[in-house]
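Turn these sequences into a full structure, and let the hints guide you.
Number of protein chains: 2
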Amino acid sequence: MNISTAALAKMDQRYRATLINSLPGFKCLQLVGTMGKNGHSNLGIFNSIFHLGASPALLGMVSRPDSGDHDTLKNIENSGFYTLNNVLVDYYEQAHQTSARYTNGRSEFVECGFTEFFMPEFEAPFVAEATIKIAMELKEIIPISLNNTNLVIGEIKHILVSEELVGADGYVDHEKAGTITVVGLDSYFDTLPLARLAYAKPDVVSKLIK
Amino acid sequence: MNISTAALAKMDQRYRATLINSLPGFKCLQLVGTMGKNGHSNLGIFNSIFHLGASPALLGMVSRPDSGDHDTLKNIENSGFYTLNNVLVDYYEQAHQTSARYTNGRSEFVECGFTEFFMPEFEAPFVAEATIKIAMELKEIIPISLNNTNLVIGEIKHILVSEELVGADGYVDHEKAGTITVVGLDSYFDTLPLARLAYAKPDVVSKLIK
Numbered sequence: 001m002n003i004s005t006a007a008l009a010k011m012d013q014r015y016r017a018t019l020i021n022s023l024p025g026f027k028c029l030q031l032v033g034t035m036g037k038n039g040h041s042n043l044g045i046f047n048s049i050f051h052l053g054a055s056p057a058l059l060g061m062v063s064r065p066d067s068g069d070h071d072t073l074k075n076i077e078n079s080g081f082y083t084l085n086n087v088l089v090d091y092y093e094q095a096h097q098t099s100a101r102y103t104n105g106r107s108e109f110v111e112c113g114f115t116e117f118f119m120p121e122f123e124a125p126f127v128a129e130a131t132i133k134i135a136m137e138l139k140e141i142i143p144i145s146l147n148n149t150n151l152v153i154g155e156i157k158h159i160l161v162s163e164e165l166v167g168a169d170g171y172v173d174h175e176k177a178g179t180i181t182v183v184g185l186d187s188y189f190d191t192l193p194l195a196r197l198a199y200a201k202p203d204v205v206s207k208l209i210k
Numbered sequence: 001m002n003i004s005t006a007a008l009a010k011m012d013q014r015y016r017a018t019l020i021n022s023l024p025g026f027k028c029l030q031l032v033g034t035m036g037k038n039g040h041s042n043l044g045i046f047n048s049i050f051h052l053g054a055s056p057a058l059l060g061m062v063s064r065p066d067s068g069d070h071d072t073l074k075n076i077e078n079s080g081f082y083t084l085n086n087v088l089v090d091y092y093e094q095a096h097q098t099s100a101r102y103t104n105g106r107s108e109f110v111e112c113g114f115t116e117f118f119m120p121e122f123e124a125p126f127v128a129e130a131t132i133k134i135a136m137e138l139k140e141i142i143p144i145s146l147n148n149t150n151l152v153i154g155e156i157k158h159i160l161v162s163e164e165l166v167g168a169d170g171y172v173d174h175e176k177a178g179t180i181t182v183v184g185l186d187s188y189f190d191t192l193p194l195a196r197l198a199y200a201k202p203d204v205v206s207k208l209i210k
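Sequence order for the protein chains is A and B. Residue numbers 1 to 210, in the numbering used here, belong to the letters of the first sequence in order. Residue numbers 1 to 210, in the numbering used here, belong to the letters of the second sequence in order.
Only true hints are included.
Chain copies aren't distinguished; within one or between two, either way the pair holds.
Calculated lysine-lysine pairs in the DSS-like style (CA-CA distance at most 27 Å, straight line): (1) Lys10 x Lys139; (2) Lys74 x Lys157; (3) Lys139 x Lys157; (4) Lys74 x Lys201.
No lab work stands behind these hints: they were computed from the structure.
In structure tokens, the structure reads:
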């Protein structure tokens with residue numbers, strides 16, 4: 001079938017949100033940890049993390065004004081720092097639960113059963129249970145006037161990861177790390193490795209790495 | 001171990017690129033089809049697609065000046081249109097091969113063994129083999145001065161998909177569609193469903209959908 005822009009505009013709002021959110025496929029999933037001015041920690045689940053560049057090491061994410069992202073964005077703006085923490089098979093139900101709208105003063109760390117972890121001289125809280133923890137410094141917030149969202153761009157300040165998860169060429173082993181992925185806002189997936197392919201060159205059949 | 005910004009800056013460039021590209025986890029993978037002024041089609045693989053909003057239906061992606069993305073960006077700027085096509089288990093090696101730097105006049109459709117598919121009154125080529133095809137109209141290109149990349153934001157004009165892949169609530173079934181995911185630039189993964197979880201509410205244990 002062909003679903004046009006006009007058909008999208010006429011759709012029930014929930015149906016359209018589910019369709020469009022799930023349409024592009026598997027997404028990068030992270031728990032974002034922040035600290036409020038009041039000393040209350042906040043933890044939110046984000047599925048719009050994207051790689052922006054390796055030098056400097058930049059990651060972007062989308063913050064929606066009409067969602068639970070509001071506290072996360074406010075804390076990032078105020079403090080300038082946040083953490084990214086991978087979501088594991090072991091606790092994806094708890095991670096999903098951080099998307100519930102808890103009232104102010106209730107931390108998703110406590111409510112959803114995660115342990116706060118701090119590193120010296122970095123104020124945002126990490127998820128102790130995560131096997132890959134990334135400390136981020138805010139670099140730029142780009143308002144997207146098309147739909148009133150914000151792109152949050154940060155630089156990687158620290159990567160906390162076990163040595164056994166990083167290969168000789170720098171490749172991070174997410175299978176070993178237990179990282180999962182998501183479709184839409186609610187459908188979680190484990191993964192099965194197919195292959196790593198060598199850098200592609202014209203007229204050369206693709207080769208496997210290792 | 002703790003890898004700091006200072007350590008990242010001192011790293012071998014390739015090691016850092018592999019580390020940072022693979023760090024955030026599983027990414028959204030699409031083949032981007034465009035048409036050049038000269039009538040030559042172009043197909044490139046992108047792993048930086050992100051959901052920006054459902055109403056209007058907007059998707060973003062990152063275009064890097066120092067990569068094969070150059071032709072894709074130029075064609076999108078010139079024509080205003082492009083297509084997104086999901087990558088299947090059946091042809092991920094061919095999809096990876098589109099990242100090779102073919103000289104002008106050689107289309108990745110031909111070189112990598114994909115079939116061009118056109119819909120009436122839409123000039124950008126789709127990948128016939130893809131089970132989910134999305135027609136996009138360029139809305140905005142946002143230059144990121146932090147690292148000289150561009151964010152390409154487009155609106156969904158058409159979704160070409162079999163009815164059996166879309167659920168009663170609008171959910172697109174990527175398992176049935178055969179869609180795969182990627183870590184970094186070269187490591188491809190099939191997926192295994194864990195669960196769909198209902199909209200999270202405070203103090204309610206997460207429920208399964210279906």
